[in-house]
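Participant: Chains as they are written, first to last, in the working numbering: chain R, 3 to 293; chain G, 150 to 402; chain B, 34 to 343.
Read the hints as simulated data drawn from the structure, not as lab findings.
All residues carry an ideal CB built from backbone N, CA and C; glycine is no exception.
Worth double-checking, as some hints may not be accurate.
[Claimed, not checked] Here are the simulated DSSO-like cross-link-like pairs (lysine-lysine), alpha carbons at most 30 Å apart as the crow flies:
#, chain 1, residue 1, chain 2, residue 2
1, G, Lys203, B, Lys138
2, R, Lys90, B, Lys338
3, R, Lys83, B, Lys338
4, B, Lys138, G, Lys262
5, B, Lys138, R, Lys83
6, B, Lys138, G, Lys219
[Said to hold, decoys possible] Calculated from the model, a selection of chain B residues having no Cβ within reach of chain G, i.e. all distances over 12 Å:
#, residue
7, Val56
8, Tyr61
9, Leu116
10, Leu119
11, Val123
12, Ser178
13, Ile200
14, Ala204
15, Phe270
16, Leu305
17, Ser307
18, Phe308
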Amino acid sequence: MLAEFLQFLFSGLTVGATYALAALGFTLIYNASNVINFAQGEFIMLGGMLSVFFTMAGLPMPVALALAILVPAIVGVIVEKLAIEPVKGAETVTLIIITIGASLVIRGLIQVWLGKGTFALPAFSGEEPIQILGATLMPQSLWVFGVTAVVVAVLWYFFNRTLSGKAMLATSFNRLAAELVGINTSWVLFMSFAMSAALGALGGILIAPITMTSYDVGIMLGLKGFVAAVVGGLGNGLGAVIGGLLVGILEAMGAGYISSAYKDAIPFVLILFILFFMPRGLFGGKSTDRV
Amino acid sequence: MALLEVKDLSIHFGGVKAVQNVSFSIDQGIVYSVIGPNGAGKTTLFNLITGVYKPTTGEIRLDGEAIHGKSPDQLAERGMARTFQNLQICMNMSAVENVMVGAHLRLDRNLFKAALRLPGLRRRDAELRAEATQLMHFVGLDAYVNERADAMPYGALKRLEIARALAMKPRIIFLDEPAAGLNPRETIEVDHLVRKVADSGITVVLVEHDMKMVMNLSDRILVLDYGKKLAEGSGAEVRNNPDVIAAYLGAHA
Amino acid sequence: MQKKLNIGLLIVIFILLAVPFVVPNSFYLDLAIRMAINAMIVLGLNLLIGFAGQISLGHAGFLGIGAYASAVLPTHFGWHPLLAMLGGCVITGILAALVARPIFKLKGHYLAMATLGLGIIINITLRNEAQWTGGPDGMPVPPMSLFGTEIYSDKTWYWIVAALLVIAVWASQNLIDSPFGRALRALHGSEVASQVVGVNVVRYKVSIFVLSAVFASLMGSITAHYIGFVSPNFADFFHSIELVTMVVVGGMASVFGSLVGAVLLTALPQALTSFEGWETVVFGAILMGFMIFLPKGIVPTLAAKFGKGE
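The task is simple: from the sequences and hints, build the whole structure.
Facilitator: Shown next, in the form of structure tokens:
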């Protein structure tokens with residue numbers, strides 16, 4: 003009983019950490035530009051696929067992984083410069099279609115370049131499972147938890163203790179006011195795309211040894227990251243992390259106890275349920291329109 | 150009996166008490182103005198009475214019926230109309246269509262009849278268009294009948310809002326700063342327009358910063374300050390009230 | 034105003050009459066049929082997105098319900114195809130109405146999330162209930178029969194679909210220029226202003242959502258019978274996005290924009306087959322290009338350029 007529960011919890015937390023990183027990516031871009039970046043999932047895919055490609059090309063693991071974060075970050079910046087900045091202030095649907103267009107281009111390019119195969123990245127420190135109260139935990143899951151925790155801590159420090167972070171936060175509250183006090187909001191936009199692409203890629207790398215990766219894993223991972231961001235309340239960083247973990251855990255529990263066939267539906271049932279009762283997510287607060 | 154009665158009305162946003170224990174009543178057919186410094190709670194009061202916000206406590210009665218907590222569309226059914234301080238014009242529609250929307254409740258809104266272009270509905274719509282054109286004439290917007298709303302100047306849009314409100318054939322109309330941002334000549338035109346509206350038998354509630362216009366039009370005046378009622382009375386009474394003078398000069402006694 | 038000749042509709046009728054005589058072969062007739070079906074779905078969706086200003090990223094789900102109703106009900110329960118089609122509309126209508134009330138308290142990206150989620154749940158359900166739906170492989174659909182004769186020929190399908198399209202264009206135009214349509218456009222322009230003149234905003238959003246969903250369901254049924262086969266891809270997230278893209282590329286809040294968007298984006302994948310392997314890249318790039326350079330859509334941009342509205 004307990005062993006089974008723990009087993010589901012471990013796998014839920016592991017995949018939930020990836021959702022949390024993706025959700026943080028959604029949150030960063032949303033705060034900087036009010037855009038929901040539907041290409042976020044492709045950064046996760048890029049992280050996984052590129053790390054596989056670079057290690058297979060013979061690069062030492064640390065170099066390969068660093069490149070697999072750096073390249074998606076550059077891709078993120080290109081998307082921002084080419085497709086988001088020129089259409090500032092466009093309608094929501096227009097922006098949604100642009101980012102979906104970007105995701106198709108990224109996915110399509112990887113498909114042409116690396117094919118439709120499924121790949122696995124070797125685990126960072128072996129495949130020897132750890133036994134905890136009858137449940138097994140893969141060492142890679144520890145990597146996932148550890149790195150995610152470090153990233154969250156670093157982000158917290160960045161946004162609360164550094165001038166650059168505070169500038170980004172200020173822009174999300176009021177762009178015009180931020181510009182008036184001399185914050186370069188176009189730099190903020192640049193940074194948020196680079197950072198969220200890097201975060202997505204990192205999540206993709208960490209999870210690649212566990213779930214395998216292919217050119218088309220980005221769609222579902224991205225959508226679930228979006229769910230996680232909305233669960234927490236769009237724009238709320240802590241909410242995104244909690245949302246990610248919650249979505250991961252419920253998905254694993256649902257798959258384990260209810261139906262594994264409907265595993266992918268669980269996050270969406272969850273989000274509909276939450277939105278029915280809390281129209282701005284768990285931590286989204288209340289909005290009052292000024293008239 | 151008073152047409153509108155407000156008793157102990159309050160609303161809190163978090164810790165901010167935007168309107169606190171305000172009471173007053175408005176008689177049928179008069180022009181009633183609400184004045185006060187910026188941030189006194191005038192627009193919030195309008196939003197409370199017209200159902201855009203729900204009061205934290207207090208009562209609002211229209212013709213004796215309790216209406217607090219009702220939604221704006223339910224209040225529209227009871228003959229309440231308003232305009233907005235920050236323009237709320239549908240920029241995706243033509244000027245005359247904006248006015249026609251005001252007559253929404255008087256029309257057959259059936260989806261299927263509309264899709265089938267039934268002749269009765271068509272005829273009513275043509276009549277309505279003529280009526281809306283007439284209303285635009287009434288507010289002095291003849292030149293803009295077939296114009297797109299987003300191509301109209303600010304001053305004309307202010308009056309378009311009044312025409313839309315009048316298309317509802319309301320019993321009481323709330324005008325939130327109808328002269329804000331207008332030049333002196335336009336202000337005088339709006340002053341005359343409000344007079345014409347009042348003369349047509351509609352009770353007018355006015356929020357306005359232009360004191361000349363307020364004193365010129367109002368039968369009674371309510372003064373708000375920091376969300377509280379400071380004074381109420383005729384123009385002369387309010388003008389000579391020491392609290393009001395203090396509030397406007399910024400020296401709080 | 035009411036005496037004005039409906040030139041747009043006449044042009045549509047003229048083109049629809051001409052198509053069977055100018056298309057070189059059945060491949061293009063098939064394409065024309067699929068364009069016309071998509072055009073009708075997009076007309077309905079544009080009422081929701083373009084006119085009422087409410088986004089839906091899950092409309093393919095409703096299309097899927099209609100398509101599967103036409104596959105499952107006749108196959109497993111022996112229903113007449115027309116009755117099954119109606120059944121699909123009823124199921125869709127009830128589902129859409131049930132979820133619409135809570136959903137339309139939501140705004141912007143939250144609404145996008147909710148509709149997207151709904152579509153995905155429908156898709157996953159169709160994929161998983163294999164004993165009824167054939168699972169990921171899909172299932173065959175019995176032919177449509179009208180007045181005792183079964184419809185197989187593309188020519189017959191073409192005339193059915195063309196007639197429906199003419200009615201749909203006409204009805205959309207009527208609806209937009211009616212008290213109902215004005216209320217829809219008004220709540221897009223200013224929600225609070227439409228409320229204070231008496232528009233029950235949620236009710237209007239729900240009505241138009243249900244209407245466009247039922248319409249998508251009906252078109253799903255027709256597609257299923259026409260193709261003779263259904264698969265979960267009908268209700269795919271990407272299909273929902275394609276439909277929204279048709280609305281935006283053609284032009285939001287534009288009846289003829291809906292037609293142009295549907296025609297172009299139905300033809301595009303055919304045109305891209307020559308790119309062998311690069312289709313996805315090119316398709317994505319074209320979407321981005323349209324949105325960056327023609328964010329208002331083709332028809333409204335042209336209309337503005339030539340100085341007249343619709």
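Participant: For every hint, state whether the structure bears it out.
Facilitator: Hint check results:
no.: 1; hint: G:Lys203 to B:Lys138; in the structure: 17 Å, holds
no.: 2; hint: R:Lys90 to B:Lys338; in the structure: 22 Å, holds
no.: 3; hint: R:Lys83 to B:Lys338; in the structure: 28 Å, holds
no.: 4; hint: B:Lys138 to G:Lys262; in the structure: 27 Å, holds
no.: 5; hint: B:Lys138 to R:Lys83; in the structure: 34 Å, violated
no.: 6; hint: B:Lys138 to G:Lys219; in the structure: 17 Å, holds
no.: 7; hint: Val56; in the structure: 31 Å, holds
no.: 8; hint: Tyr61; in the structure: 31 Å, holds
no.: 9; hint: Leu116; in the structure: 21 Å, holds
no.: 10; hint: Leu119; in the structure: 16 Å, holds
no.: 11; hint: Val123; in the structure: 16 Å, holds
no.: 12; hint: Ser178; in the structure: 27 Å, holds
no.: 13; hint: Ile200; in the structure: 9 Å, violated
no.: 14; hint: Ala204; in the structure: 4 Å, violated
no.: 15; hint: Phe270; in the structure: 29 Å, holds
no.: 16; hint: Leu305; in the structure: 34 Å, holds
no.: 17; hint: Ser307; in the structure: 40 Å, holds
no.: 18; hint: Phe308; in the structure: 38 Å, holds
Of the numbered hints given earlier, the model fails hints 5, 13 and 14; all others are met.
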